[in-house]
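Colleague: Residue numbers (the working numbering), protein chains in the order written: chain Z, 84 to 262; chain G, 84 to 262.
Calculated directly from the structure, the hints in this document are not laboratory data.
One or more hints might be untrue.
The list treats identical chains as interchangeable, and a pair is accepted whether it falls inside one copy or across any two copies.
[Claimed, not checked] The list that follows gives simulated cross-link-like pairs (lysine to aspartate or glutamate, DMTMM-like), each with its CA atoms no further than 20 Å apart:
no., residue 1, residue 2
1, K101, E197
2, K157, D189
3, K101, E130
4, K255, D177
5, K87, E165
6, K157, D123
7, K135, E197
8, K125, E197
9, K134, D145
10, K160, D123
11, K160, D145
12, K253, D177
13, K188, E158
14, K160, D208
15, K188, E165
16, K253, E197
17, K101, D123
18, K253, D208
19, K87, D181
There are 2 protein chains.
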Amino acid sequence: MGPKIYILRYGHRPQRDKRITSHVALVARSFGAHGFILADVKDDSIERTIKKVSSRWGGSIDFIQGVSSYSFVKEWKRRGGEIIHLTMYGLHIDYVIDLIRRSQKDKLVIVGAEKVPRFFYRIADFNVAVGHQPHSEVAALAVFLDKYFMGRELYLSPSNPTIRIAPSVKGKRVIIYGD
Amino acid sequence: MGPKIYILRYGHRPQRDKRITSHVALVARSFGAHGFILADVKDDSIERTIKKVSSRWGGSIDFIQGVSSYSFVKEWKRRGGEIIHLTMYGLHIDYVIDLIRRSQKDKLVIVGAEKVPRFFYRIADFNVAVGHQPHSEVAALAVFLDKYFMGRELYLSPSNPTIRIAPSVKGKRVIIYGD
Chain Z
84 MGPKIYILRY GHRPQRDKRI TSHVALVARS FGAHGFILAD VKDDSIERTI
134 KKVSSRWGGS IDFIQGVSSY SFVKEWKRRG GEIIHLTMYG LHIDYVIDLI
184 RRSQKDKLVI VGAEKVPRFF YRIADFNVAV GHQPHSEVAA LAVFLDKYFM
234 GRELYLSPSN PTIRIAPSVK GKRVIIYGD
Chain G
84 MGPKIYILRY GHRPQRDKRI TSHVALVARS FGAHGFILAD VKDDSIERTI
134 KKVSSRWGGS IDFIQGVSSY SFVKEWKRRG GEIIHLTMYG LHIDYVIDLI
184 RRSQKDKLVI VGAEKVPRFF YRIADFNVAV GHQPHSEVAA LAVFLDKYFM
234 GRELYLSPSN PTIRIAPSVK GKRVIIYGD
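Construct all of the structure, not just a fragment, from the sequences and the given hints.
Modeller: Here you go:
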C-alpha cells in the first residue's frame, strides 16, 4: 500500500467541460488514482460515466462532488497530505517526479480548467509542468501519472470486471465474464 | 532529421468533438508532431485554435483538413510510410514502441473518436494500446508521443515564439518577446 492519490478537478463548467472532465476522470480511474473529486459543482453525468465504466471494466474509484475546492485542499494539507498542482507555469516534471514519488504522503493532484486562482499555486507543495507549452489537462494528468507510476499503471487489472481486452495484432478480442 | 510524424484524427464530429479534437491537435503540436490531419470533415475552429497557439508559442505544424481518411492512409502507405493506430484493443505499447522508434519510416498516427472501421485495424502496421482500459484519445496520444520521443518532447522550444514560460516554484513567469 503506497500513498493514496486523488485527483481534484477545479473549475469544471457543466456546459462547456463535460467531455474534457469525463476524460480527466477516466484517465484518473484507468491510470490508477484512488479518488476523483469534482470540486465546487455537481454534475451527475460525470459520476454516471465513471460508475458505468467501473462496473463494466472493474475496480472502483472514490467519486466525490460538490465539495468546496478550497476547504478540501486545506483539509488535505492539514491531515498531512501533499498537494500537487499541474500547471505549465510550474517546474518541469523531470525535476520533481522522483521527489514526489519518494515522499510517502498521500497526494492530491489538482487539474484545472482554464484559469486557476493563486491560492492553488501558493498552497501546492509542487507546481508541476508537463512541458511548458499549452496543450491539455487530460494529457498532463496522463503523462504525470505515467511517470509517477513508471508505466506500471498501464498493466493494472481492475478487480471484478465483466469485460476485459485480450491484446490483438489486427482486430478486437474481448473476454466477457459470465455469472 | 528523424522520420516525420503526422497525427490523423478520424471521426471528428464538429458539434460533439470540438474540444476533444482541439486537445488532440494541441498535444500533437506541443509533443513534437510535424503535422495534423483532420480527416473527412472541415472544422475551421480547430485550425484557428492551432494556428493561434503556434503564432503565440512558436513553431509550425502542417494542418490539413477535409481530405479522405481512407485515401490519405492508403497513399501514406504506398509512399513507404508506416501506419500506427492507437486503440485499446491493440498490442501493449511497451511491446512495440522500440520497434516503432527504430524504423526510419515516416509515421502516421491514427487517433479515432468513437468507433473506428476495420479498415484502419487492417491497414495499420501497428495497433497500439496505451493500456487496455477505456480512457481518452488525448491521453493515449500524449503517452504514445512521450514514450516515442522518450520524454525529450517536453523540452521542445518551438521557433519564433512571442511568449515563453520561465519555470516557477509558486507563480507564473513569462517572457514576452518584443519586435
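Colleague: A separate judgement is required for each hint: does it hold in the structure or not?
Modeller: Results for each hint:
1. Taking the shortest alpha-carbon separations for K101 and E197, both the intra-copy value of 14 Å and the inter-copy value of 16 Å come in at or below 20 Å.
2. Only within a single protomer do K157 and D189 lie at most 20 Å apart by alpha-carbon distance; the minimum there is 14 Å, versus 49 Å between protomers.
3. For the identical chains of this complex, K101 and E130 are intra-copy neighbours only, at 11 Å inside a copy versus 22 Å across copies, given an alpha-carbon limit of 20 Å.
4. Only between protomers do K255 and D177 lie at most 20 Å apart by alpha-carbon distance; the minimum there is 19 Å, versus 36 Å within a single protomer.
5. Taking identical chains as interchangeable, the C-alpha atoms of K87 and E165 lie at most 20 Å apart only when both belong to the same chain, with a minimum of 10 Å there against 41 Å between chains.
6. For a Cα distance limit of 20 Å, the shortest separation of K157 from D123 inside one copy, 14 Å, qualifies, whereas the shortest one across copies, 48 Å, does not.
7. Within a single copy, K135 and E197 get their C-alpha atoms only as close as 27 Å, which misses the 20 Å cut-off; across copies the closest is 17 Å, which meets it.
8. In this assembly of identical chains, the alpha carbons of K125 and E197 lie at most 20 Å apart only when taken from the same copy (18 Å versus 26 Å across copies).
9. In the homo-oligomer, the alpha carbons of K134 and D145 lie at most 20 Å apart inside one protomer (10 Å), although the nearest pairing across protomers, at 39 Å, exceeds that limit.
10. For a Cα distance limit of 20 Å, the shortest separation of K160 from D123 inside one copy, 18 Å, qualifies, whereas the shortest one across copies, 49 Å, does not.
11. Taking the closest pair of Cα atoms, K160 and D145 come within 20 Å of each other only inside a single copy of the chain (19 Å); across copies the shortest separation is 45 Å, beyond that limit.
12. For the identical chains of this complex, K253 and D177 are inter-copy neighbours only, at 17 Å across copies versus 35 Å inside a copy, given an alpha-carbon limit of 20 Å.
13. With identical chains, the CA atoms of K188 and E158 are at most 20 Å apart within one copy only, with a shortest distance of 14 Å there and 52 Å across copies.
14. When the C-alpha separation of K160 and D208 is checked against a cutoff of 20 Å, the pair qualifies only within one copy, where the shortest distance is 9 Å, while the shortest distance between copies is 48 Å.
15. Taking the closest pair of Cα atoms, K188 and E165 come within 20 Å of each other only inside a single copy of the chain (6 Å); across copies the shortest separation is 44 Å, beyond that limit.
16. With identical chains, the CA atoms of K253 and E197 are at most 20 Å apart between copies only, with a shortest distance of 18 Å across copies and 39 Å within one.
17. Taking identical chains as interchangeable, the C-alpha atoms of K101 and D123 lie at most 20 Å apart only when both belong to the same chain, with a minimum of 15 Å there against 25 Å between chains.
18. For the homomeric pair K253 and D208, the shortest alpha-carbon distance between copies (9 Å) is at most 20 Å, but the shortest distance inside one copy (45 Å) is not.
19. In this assembly of identical chains, K87 and D181 lie within 20 Å of each other by CA distance solely inside one copy; the values are 16 Å within and 32 Å between copies.
Of the numbered hints stated above, none is contradicted by the structure.
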